[in-house]
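Participant: Protein sequence lines correspond, in order, to chains A and B.
So in our numbering, spot 127 of the first sequence is number 127, and the numbers just go up one at a time.
So in our numbering, spot 15 of the second sequence is number 15, and the numbers just go up one at a time.
These are calculated hints, taken from the structure and not from any lab test.
Treat the hints with care, as some may be off.
To be verified - Straight-line C-alpha distance at most 30 Å; calculated DSBU-like pairs for lysine-lysine:
| no. | chain 1 | residue 1 | chain 2 | residue 2 |
| --- | --- | --- | --- | --- |
| 1 | B | K89 | A | K95 |
| 2 | B | K215 | B | K89 |
| 3 | A | K144 | A | K239 |
| 4 | A | K144 | B | K18 |
Values in this document were obtained by computation on a predicted structure and should not be read as measured data.
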Amino acid sequence: MAEKLAQSDLVMESGPEAGTPMIRVENLHKTYDLGEVQVHALRGVSLTVYSGEFVAIMGASGSGKSTFMNLLGCLDRPTRGRYLLEGQDVSELTKVELAKIRNRRIGFVFQGFNLLPRTSAVENVELPLIYSSVPHLERVERAKASLRSVGLEGREDHHPAQLSGGQQQRVAIARALVNNPSIVVADEPTGNLDSRTSVEIMEIFQRLNEEKGITILLVTHESDIARFAKRVVLFRDGKIRRDSLVEGRVDAAQALISLPGIDEDEDDGEES
Amino acid sequence: MDYSAVFRVALRALTRNKMRTALTMLGIIIGVGAVICTVAIGEGASNQVQEQIRSLGDNIVFVSAGSVNSHGVHMGSAATKTLTADDAKAIGQIPFIKEESPGVGTSGQIVYGDQNWYTHIRGVSPAYLDIRRWPVTEGSPFSNHDVAAAANVALIGTTVMQNLFPANEDPVGKMIRVQNLPFRVIGVLQSKGQSPFGQDEDDTIICPYTTVQKKLAGISWIQFVMASAISTPAIPPSEQQIEGLLRQRHHLRPDEDDDFIIRSPNDLANAQAQSGRILTLLLASIASVSLLVGGIGIMNIMLVSVTERTREIGVRMAVGATEEDVQLQFLSEAVVLSMLGGAMGVVMGVIGSILVSSMLRWPTLVPPEAIVIAVFFSAGVGVFFGYYPARKAAHLDPIEALRYE
Numbered sequence: 001m002a003e004k005l006a007q008s009d010l011v012m013e014s015g016p017e018a019g020t021p022m023i024r025v026e027n028l029h030k031t032y033d034l035g036e037v038q039v040h041a042l043r044g045v046s047l048t049v050y051s052g053e054f055v056a057i058m059g060a061s062g063s064g065k066s067t068f069m070n071l072l073g074c075l076d077r078p079t080r081g082r083y084l085l086e087g088q089d090v091s092e093l094t095k096v097e098l099a100k101i102r103n104r105r106i107g108f109v110f111q112g113f114n115l116l117p118r119t120s121a122v123e124n125v126e127l128p129l130i131y132s133s134v135p136h137l138e139r140v141e142r143a144k145a146s147l148r149s150v151g152l153e154g155r156e157d158h159h160p161a162q163l164s165g166g167q168q169q170r171v172a173i174a175r176a177l178v179n180n181p182s183i184v185v186a187d188e189p190t191g192n193l194d195s196r197t198s199v200e201i202m203e204i205f206q207r208l209n210e211e212k213g214i215t216i217l218l219v220t221h222e223s224d225i226a227r228f229a230k231r232v233v234l235f236r237d238g239k240i241r242r243d244s245l246v247e248g249r250v251d252a253a254q255a256l257i258s259l260p261g262i263d264e265d266e267d268d269g270e271e272s
Numbered sequence: 001m002d003y004s005a006v007f008r009v010a011l012r013a014l015t016r017n018k019m020r021t022a023l024t025m026l027g028i029i030i031g032v033g034a035v036i037c038t039v040a041i042g043e044g045a046s047n048q049v050q051e052q053i054r055s056l057g058d059n060i061v062f063v064s065a066g067s068v069n070s071h072g073v074h075m076g077s078a079a080t081k082t083l084t085a086d087d088a089k090a091i092g093q094i095p096f097i098k099e100e101s102p103g104v105g106t107s108g109q110i111v112y113g114d115q116n117w118y119t120h121i122r123g124v125s126p127a128y129l130d131i132r133r134w135p136v137t138e139g140s141p142f143s144n145h146d147v148a149a150a151a152n153v154a155l156i157g158t159t160v161m162q163n164l165f166p167a168n169e170d171p172v173g174k175m176i177r178v179q180n181l182p183f184r185v186i187g188v189l190q191s192k193g194q195s196p197f198g199q200d201e202d203d204t205i206i207c208p209y210t211t212v213q214k215k216l217a218g219i220s221w222i223q224f225v226m227a228s229a230i231s232t233p234a235i236p237p238s239e240q241q242i243e244g245l246l247r248q249r250h251h252l253r254p255d256e257d258d259d260f261i262i263r264s265p266n267d268l269a270n271a272q273a274q275s276g277r278i279l280t281l282l283l284a285s286i287a288s289v290s291l292l293v294g295g296i297g298i299m300n301i302m303l304v305s306v307t308e309r310t311r312e313i314g315v316r317m318a319v320g321a322t323e324e325d326v327q328l329q330f331l332s333e334a335v336v337l338s339m340l341g342g343a344m345g346v347v348m349g350v351i352g353s354i355l356v357s358s359m360l361r362w363p364t365l366v367p368p369e370a371i372v373i374a375v376f377f378s379a380g381v382g383v384f385f386g387y388y389p390a391r392k393a394a395h396l397d398p399i400e401a402l403r404y405e
């Protein structure tokens, strides 16, 4: 069952026809009931994201972008409205079904990395596979491959405390990718990183987006970071205010060449 | 989610904070250890009582001559002269009675060479040794012929032997003087040690009752009848039948008291064993209170752990753990914690009971079923006290858990 699902994901990935709606959101509302006060976090959001897009979601804090991300990531259910993920209506699913979707189809990257402390990189990356009943040996194989794809070969047994911030975030990206998701949801992934490391992380996202066709939703409030995406959606007061393509998109790999490589020395310094 | 992975994850989480894990387990270790230890002591004691019941004899019914009430003055037990060897023979005819022996007792000075010893002299028939399960280790017992002939023969207890004879001398065949009469030692009785009532059973000599009656005590009556019932349940009815029989034979009117006393030491010993069991149960239940306290300790630590690992729970949920997965994870941690504690507690309990028996010289016995019960019970403690924290973890909202600082 698990393999079947994983395979069907692979099939979808391998043929991302332009024009297949990955995410289709219609008139989404989210209201938090805090007893006496009702907070309208989202007031009717409609958005369509196609397969292979790289969307930056921007907005000030309180604009509703985080709420929107949580809904897209299937961590929460909308109060009203419809959310179609790859054509499937997920707004009415049970908690168990949502957990399964998060497990198989969505990869999360967080601002604070959210790695398990005192747990090796490879075990951190294995985590989603544990919940999709992948046997132990295959788990380790896939986790190692995933770590390799983000350039962390040889660091498999390092604990988060032994890794730099950039490396920790790369472990988190490897974890998000290990179950071959169709969407990666990144919530301020560069918020805790210095500028060069941020660009390195963006380089990974751009590569994943281009080479594997993974749809990427990137929440950020830094316009510098949003310029690495293909499309920018701006939130204000629970609504989408602007939705535009990025003009003059920055190629992270190119940007890295022009940046001085001071951080690598620092990384090595932290290592020893 | 496979269970070996769940188990490994639980074990890993527990080894991450070894000191805390050890202290939490200590409650269960002490609880299980204390229960095992008290049960072992109780079982050992009750085993010893059982052993003693067996050593008393074979479903013994003991009839002794009773007190006599002459004109309002009670003379104390064994004062009557109404119990006779014929009564004993009649008791032997009761279907519930297997064997019987008349008995008389006296005491006196016994002399061998230049040694002498004051001891109890018991006059019985050969059946007595069967009833008491008291074999002769050297020489041979006396016979019914010796009883009929009132022969001067004696079986001696080991205490008497040690006090009269040098260690290297075989007493069998030697002549001793009992109250200045010459007796031949024909056998040595197996050592019985202390009676359940604290007497040295080996400090005695046993002779034919006729000899003691006629030659040593100078009486025609007997003082007791030692009988054995055919089975333990046959003891109470046989007591009733003996009472009816003796009242009839002694021509007692309905308003007259018995002039004899019937007792069954097995009843007494059984009562003792019973009270021992109750005491064990009481001690074990007090000990299991510490198990309860240990369980509360587990609950406490699991709650702390859930709070501390709120972010971890959030991450696990984000990557696809269901509520059930999270609940199983924390529940299995609690169960692994309590079962490891239980296993160590069993080891501690066994070591403790070995120490008790070697240092205090109390008999102990660890019943294997107690070990199995202890391990399962501690697992149950883990499930019971781990359930609430695990449920709390499972019901966390992933968004809030991920935001938790």
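Participant: The structure should be examined with respect to each hint, and the outcome stated for every one.
Facilitator: Quick rundown of the hints versus the structure:
1. B:K89 - A:K95: 88 Å, violated
2. B:K215 - B:K89: Judged against 30 Å, a Cα distance of about 22 Å means the pair holds.
3. A:K144 - A:K239: 41 Å, violated
4. A:K144 - B:K18: 29 Å, holds
In this structure, the hints that do not hold are numbers 1, 3, in rising order.
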